[in-house]
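Engineer: Those letters in the sequence shown? Residues 6 to 529, by my numbering.
Treat the hints as calculated values from the structure; they're not laboratory data. Quick caveat, the model's predicted, so the values are computed rather than measured. All C-beta atoms in this analysis are idealised placements derived from N, C-alpha and C, irrespective of residue type, glycine included. Do not take every clue at face value.
[Stated by the list, open to error] Using 25 Å as the maximum straight-line C-alpha spacing, the simulated SDA-like pairs for lysine to any residue come out as follows:
hint, residue 1, residue 2
1, 28, 49
2, 225, 202
3, 28, 77
4, 131, 109
5, 371, 345
6, 99, 52
7, 52, 42
8, 359, 375
9, 165, 187
10, 134, 42
11, 421, 401
12, 134, 77
13, 387, 317
14, 134, 163
15, 80, 37
16, 131, 115
17, 131, 202
18, 359, 419
19, 359, 300
[What the hints assert, rightly or not] Quick list of the computed label-pair ranges, beta carbon to beta carbon:
hint, residue 1, residue 2, range
20, 271, 379, 29 to 35 Å
21, 184, 226, 18 to 24 Å
22, 18, 180, 43 to 49 Å
23, 294, 74, 36 to 42 Å
24, 297, 418, 24 to 30 Å
25, 276, 200, 25 to 31 Å
26, 320, 91, 19 to 25 Å
27, 322, 91, 54 to 60 Å
28, 368, 421, 20 to 26 Å
29, 21, 131, 41 to 47 Å
30, 154, 18, 41 to 47 Å
31, 112, 17, 16 to 22 Å
32, 112, 322, 54 to 60 Å
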Amino acid sequence: MKEVHTVSWFNEGQLIQSNEVFKGTLPVYEGAEPRKPRDNKYLYTFKDWSPKIVEVNRVDVDYEATYDCFPDPSKEFEFEESITYGGLMITDYKLKDTGEEVIIPEWYNGQKITEIFDCAFEGSLKLKKVVISNNLLSIRPHAFENCELLQTVELGPNIKNIEDDTFNNCISLESIIFKSAIEEIRHNAFYNCDSLTEIVFPEGLKNIYWSAFEDCDKLKRVEFPESLFEIQPLAFANCIDLEIVDFSQIGNLKHIGASAFENCISLDDIQIPGSVEGIGIGAFLSCYNLTKVIFNEGLKSIGDLAFKECELLENLCLPDSLVRIGMNAFEKCDSFDSVIIPKNVNYIGECPFKDCQNIEVIIVDKDNETFDSRDSCNAIIKTATNSLIVACQTTTIPNTVEIIEGYAFYNIPIKKITIPESVKHIRSLAFVYCHSLPHAKVTRDFKGKHSEICRVTMFIPKTVETIGDSAFVFDNLIYNDNSVIYTQFCLHTNATAQEKYISWGLDGDWGPTSYVNCYFHFAD
Numbered sequence: 006m007k008e009v010h011t012v013s014w015f016n017e018g019q020l021i022q023s024n025e026v027f028k029g030t031l032p033v034y035e036g037a038e039p040r041k042p043r044d045n046k047y048l049y050t051f052k053d054w055s056p057k058i059v060e061v062n063r064v065d066v067d068y069e070a071t072y073d074c075f076p077d078p079s080k081e082f083e084f085e086e087s088i089t090y091g092g093l094m095i096t097d098y099k100l101k102d103t104g105e106e107v108i109i110p111e112w113y114n115g116q117k118i119t120e121i122f123d124c125a126f127e128g129s130l131k132l133k134k135v136v137i138s139n140n141l142l143s144i145r146p147h148a149f150e151n152c153e154l155l156q157t158v159e160l161g162p163n164i165k166n167i168e169d170d171t172f173n174n175c176i177s178l179e180s181i182i183f184k185s186a187i188e189e190i191r192h193n194a195f196y197n198c199d200s201l202t203e204i205v206f207p208e209g210l211k212n213i214y215w216s217a218f219e220d221c222d223k224l225k226r227v228e229f230p231e232s233l234f235e236i237q238p239l240a241f242a243n244c245i246d247l248e249i250v251d252f253s254q255i256g257n258l259k260h261i262g263a264s265a266f267e268n269c270i271s272l273d274d275i276q277i278p279g280s281v282e283g284i285g286i287g288a289f290l291s292c293y294n295l296t297k298v299i300f301n302e303g304l305k306s307i308g309d310l311a312f313k314e315c316e317l318l319e320n321l322c323l324p325d326s327l328v329r330i331g332m333n334a335f336e337k338c339d340s341f342d343s344v345i346i347p348k349n350v351n352y353i354g355e356c357p358f359k360d361c362q363n364i365e366v367i368i369v370d371k372d373n374e375t376f377d378s379r380d381s382c383n384a385i386i387k388t389a390t391n392s393l394i395v396a397c398q399t400t401t402i403p404n405t406v407e408i409i410e411g412y413a414f415y416n417i418p419i420k421k422i423t424i425p426e427s428v429k430h431i432r433s434l435a436f437v438y439c440h441s442l443p444h445a446k447v448t449r450d451f452k453g454k455h456s457e458i459c460r461v462t463m464f465i466p467k468t469v470e471t472i473g474d475s476a477f478v479f480d481n482l483i484y485n486d487n488s489v490i491y492t493q494f495c496l497h498t499n500a501t502a503q504e505k506y507i508s509w510g511l512d513g514d515w516g517p518t519s520y521v522n523c524y525f526h527f528a529d
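Please take these sequences and the hints and turn them into a complete structure.
Structural biologist: The following block contains the structure:
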């Protein structure tokens, strides 16, 4: 006959089940899961039986239910039903003046906690650490905004998006731990988080929205995943300590938004992935220490002001895939001395190389159908209209050019220029601030018409038909009262005083300031 023993199951000292079990048999509890009611401080969840369940051997056995205890969430949080996700939503944190650490509970009263509502923790004065639970599905906008002592955030595995302003102005935030494939980081999510130093984004991230990390002053390094599709405007603007932007894993990024890395003054080199088709307006504006940019094949558009004031940028090498160069795209980039325009470029905005005073060589690919640099002129000419649009200090104007476009010679240190008789139109501001043109005194051919204080002379052939506003405005004098006196200069022409030089009437052939402080010197 088999030996039989009694196995008793207790909860808080109360017998809840008793079994007769044969020796050598593993006892099994068959009742409802034990429960322990919450008290003034804690909630309890069943953990296990004590001692550990083993086969019965010789003696009767008693098992006692054990519990994990948790602070009662109702002491810390206000709850409402979550319409979007089901379960409960935290609507307010009751310990904003005193709480230092928050672990978001998974359950309350038998319901999952799935959501944190807008502004629920906003302005918590002493909060330093937040741990997001596995059940949480959504953190709404502004949830932790202005938690100025918050240092560490651990995101749970089911958070897909970080919403607008979620951690805005959390100025002590040092660490973000991603446990899930975050898909989107939205507007201002980490704006002005001054203490962040490094971020490695998880695979699965697709979009970084407007100003998501703007003004994160101490951020030094960011590493992007292959999955990233778009970096929106101002995403990392004014991250003044940012030194490393690692695009090496990227294969899907299509666009770098306007001002995305504006004023990242510590950034010194960057490689644009081949997947990127567009660089937005001012994307790298005022990155003063940027010395090297590698543009890979695939890039189609460089936006207006994209690299303006990248004063140390060297060895500009544009890819053959490039189609568009925006207005002022490389303004005040003083460190490269040559420009080669690729064969597929069909749009160049106004003044793409404005104030790039060290350029000595400009070449347009011979297979380009829109622009050319004929006769080794070191300039960019629009082929269809014979318009010279970009010049440099070594430019010579070919005798086939008919139009000199506005800003073509803006602030270029040319010492001599010959305008051929083929030129019919000189547009507004074409030669503005060409300070290095020879200074010369002008003989007084007409009393009262010329002055020895004229510093600059220009020879204009009589074939020129129109001159735009301020086409010949050179350096000016600025007095203490901020008044401006333009340098006086002289236009020489091979027209006689009796010939009709440039028509001037109501047809707009000349601009009202075409000849600011100008004197005419006609041929004898």
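Engineer: Looking back at the hints listed earlier, which ones does the structure fail to meet?
Structural biologist: Failing hints, ascending: 1, 3, 6, 10, 13, 15, 16, 20, 23 and 26.
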